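Here the protein sequences come in this chain order: A and B. The first sequence lines up with residues 731 to 1043 when you count with our numbering. The second sequence lines up with residues 69 to 347 when you count with our numbering.
There could be a bad hint or two in this list.
[Stated by the list, open to error] Not the full set, but computed from the structure, chain B residues with beta-carbon under 7 Å of chain A: (1) ALA238; (2) SER241; (3) HIS253; (4) PRO256; (5) ASN257.
No wet-lab data here; the hints were simulated from the structure. Here the structure is a predicted model, which is why all the values come from computation and not from measurement. From the three backbone atoms N, C-alpha and C, an ideal C-beta is built for every residue, glycine too.
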Amino acid sequence: MSLLQLADVSVSIGQVALLDRISLSVGKGEILGLVGESGSGKSLTALAAMGLLPLIGGRITGGAVAFDGQDMAAMTEVQRRSLRGRRIGFVSQNPMTALDPVTRIGAQIDVVSRLHLGLTRAQARARTVDLLTQLRIPEAATVAEAWPHQLSGGMKQRIVIAMALAGDPDLIIADEPTTALDVTVQAQIIQILGALVRERGLALLLITHDMGVVAQLCDRVAVLYAGRLAEEGPTAPIFAAPGHPYTRALIGCIPTEGMAKGALQGIPGTVPGALAFPSGCRFHPRCPQAQALCRAEAPQGNPACHFPGGADV
Amino acid sequence: MNFPVMKAFRHPIPALSALWLVLVILAAILADLSPYDYDIQALSEAYRSPSAAHWLGTDEFGRDLLTRLIHGARTSLSVSVTAIAISVACGMALGAAAAWFGGWFDRAVTVTVDLTWSFPEILIALILVAIIGPGTTGTMVAIAVAYLAQFTRLTRAQILTLKGETFIEAARSLGAGNTHILTRHLLPNALAPVLVSAMLATGDAIILEATLGFFGLGAQPPVPSWGGMMSAGSALIFKAPWIIIFPGLMVAVTVVAINLAGDALVASLDIKAKLRGPI
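Extracted from the complex, chain B is given alone in its bound form (with noise of 0.2 Å):
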């Protein structure tokens, strides 16, 4: 990208957030270099409190816990960037059809969006995962549902504005046809806001994904998940609180750390000064 994206990260805090970010991500590519196993269990090791051995305890089996919040990492990270990315997709071809067709399929569009726009998110990824089944595909399809409406309700409305702008009946005067006017000038146009609000939508999606895990819909067993560990924490609050408090404190300054680049990003990418241009 360009340059004043850089410029948003000289900030201390938007920087310190990428920095988190990208050691998250590290963490998750790499998740298979992790000093222990994450599903071999040794229970004469259990409930060990953080120690130079195991830096962040282990688990009521035994379990390295930071080694499961890195595999958790990868489980949590690739459901809802997947699970978002598929939204994306999908929202912004039904969103820009809706605004370029208009008529019968756009009322039907809207309407549909309005009404899941109006059910609380985690109700309709309940209800996914209810019919597709738990698991690490079914809460990805759930929450992939969950945003469908907000990337389909921005893309229409971005499209709608940019369809009466005079580059587009400029565009049309020399010659530009259909396909070139939407793939070229109306979805390039439309997609800096959607990716900024898709990746704030990510941190959503982690904690959708964790509150998933926790009531044991997600990422099944043994495969960590950082809601699934909270949810074996929840047990052991008094006995061994490290259980519950880091997969706990993971996805907090997780999803903060993505909220604050993402409004660093907002700020860079401000796209009305842009289209203003020198006077």
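With the rest of the complex left out, here is chain A (with noise of 0.2 Å):
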């Protein structure tokens, strides 16, 4: 069973509307890459996900978020306060920020399993030490009475990564967790990300603009493109035969070994903003393969595509 399901869920930020019919589900043990470019509603989709919208002064307007069976607009704020940190942990997009600059890192992973699990401060910290060895921190006790400042980006990471964990949640939504980082360290912390998967069980929903990163980690990929779902299915079919053009173009974006100097694609244009959402198919003004239908009918289905499969160009 899925433990988050979202269903046709739509949002909008004052008028303006944002997500259109967004459907998704992660169930235990699975990874699900939510891909896309920059403005394509990504983290919008986490926020969604987390009952945080109205941070940012955003509303669901349509379909339901539920996790575990459950529908988080017919919970109470302070039980959708308990699920999060509790049962779903968020890992932030950018480690160097993420980490209150004035208070030990120590204290900052204990607080959450002190708040979730009331444990004891004694208790908080043995856990956290855990959590940091398994993490792979070497001194794990040493780095938990350090200031933020002193760690590197790929520790502080981890340590973003343990104040997730902390609330022992079953499902991890992590936004663009390795964009911030070097290549090497960005390895690391998929490694770390999928090993957790695979020796806990936890379901994780990891937000990415990077094609390689979920061609590698993840059971199922979601396509998003500005605002609308553009296909979704299991990573090696998707990644095989991709039946959206848009999905096609992303793929053709990852530099592979032996690739001929110049041969990296881009995609040309930019993701439309949400007041200027193009007619018909989103994609069609940045498409090779766009036809009269396209401009003029949203396409259904999965893939959202009139010509799935590119027929013939």
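The two chains are supplied separately, each in an independent frame; assemble them into the complex guided by the hints.
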């Protein structure tokens, strides 16, 4: 059974509709990659999943978010708060700013398990040191006494992951956890996340714009474009035969070994802003195979394309 | 505090300033050990210039000037430090509340604060002393209100910036409530700049206290205050110049010391450097 389920969720901020009928689900032991370029609505989807839209003045205008079978909209704010950190852990985008600069590392992790698991100070610290050790941080007890500015980016991201794990959650939502890190550190963090899912049977919603990471790590992938789901399904078949031209274009952006110089492709144009979404299929202005139908009518289904598989261009 | 703070006071000027401040604070605390009584008059000893018996001379009532300066330190420091402490506490609460709640409350606070900001502090203080009445309590409240705007604005600006930081979002996404975020994340992060500014404001507060004392609105005789002593000495500036010179020097040197030590503190607590971290 799926742990987190979004069914036809639409989100608006003010009068601007940003997400249009997004459906996703993540089950235990499963990694779902949510991909798309900047501005396609990935982070907004994460906020919606945690019930944190009011923070940025957004609201759900249609559909429902269910966690472990319970409708989030039907819960009180107190109930939602007790989910966050306890059952849903969040790993934010930029580890450089995700830690409070004036609080020691250990204290920031301790507080999560003290709040959610009711541990005493000593128990919480023991758990923190244990977690840090599991995340392959050397001399965890010493690091717990350090200040955030004394750690490197990769270390900080592990601390942020430790904070997300401290409440012993069932689901981790990671919003571009490797974007701000060096390539070598990225690989370590990805490995750590993958290992966590396998060892603890966690569900992981991994938000990224890196198709390489998705190919390595994710069981399923959901491709988001301009607030709509372009394509969703198991990773291997989608990478083998992408149905949506946008997915195909994203895969074309992955550098591969032995690629000729200059062969790396980009996608021409940019993601349209929410105030000026194109008519019909929102990808059509950038799509190499767009037809008259694409401009007129929004495609339904999965992949959401009038000409899936790219028939003949 | 931690190591960089100590480092700042290794240089001679900050170190000397800090030493002077420690001396003045010790004098204020240990004022009762002073060589003479501050309020016993000995008219036969009046107008003595500095000598071995009276290091800084005596005033028009034959009271030892050093003794009165030491007791004056107690008055000046306790009034200005308490006033600034009250001002910081109220200013932080008000500024944080304004930034946190926003809306009409924020606008009301901002407008009020900007209004009081546009008056000179001495004017606000004079009006308040006129309402409350002269004396140490009146001066204290007057100074506290005069500097309220500064700390309210500073705290409000700090909290507004911090509110958008990722670690606040992260704390919230891990289930932290409003109280926790406000007291454990926002206020501690806003504290350092407010404390530095409070230290510098204490220097200004000493001058304001002395000014009010000079006008006879501060501590009432026979309790000595630096401003009151200058006021008494101003009439005797040609007959016994030391009576006005030494209290004036006390105020000047103490305020300069506070400013120099404060500058060193600002440099050592470079909050931005802390946020950047090693890359």
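With a cut-off of 7 Å, does the beta carbon of ASN257(B) approach a beta carbon of chain A closely enough for the hint to hold?
Given a least distance of 5 Å, the restraint on ASN257(B) holds.
Is the interface hint for SER241(B) satisfied, with its Cβ closer than 7 Å to some Cβ of chain A?
holds, 4 Å
Status of the hint placing HIS253(B) at chain A (closest C-beta pair under 7 Å)
Cβ of HIS253(B) sits 5 Å from chain A, so the hint holds.
Margin query: Just to be careful: measuring from the Cβ of PRO256(B) to every Cβ in chain A, is the smallest value less than 7 Å?
Written below: holds, 5 Å
For the hint on ALA238(B), just tell me whether its beta-carbon gets within less than 7 Å of chain A.
holds, 5 Å
Comparing the model with each numbered hint stated earlier shows that all of them hold.
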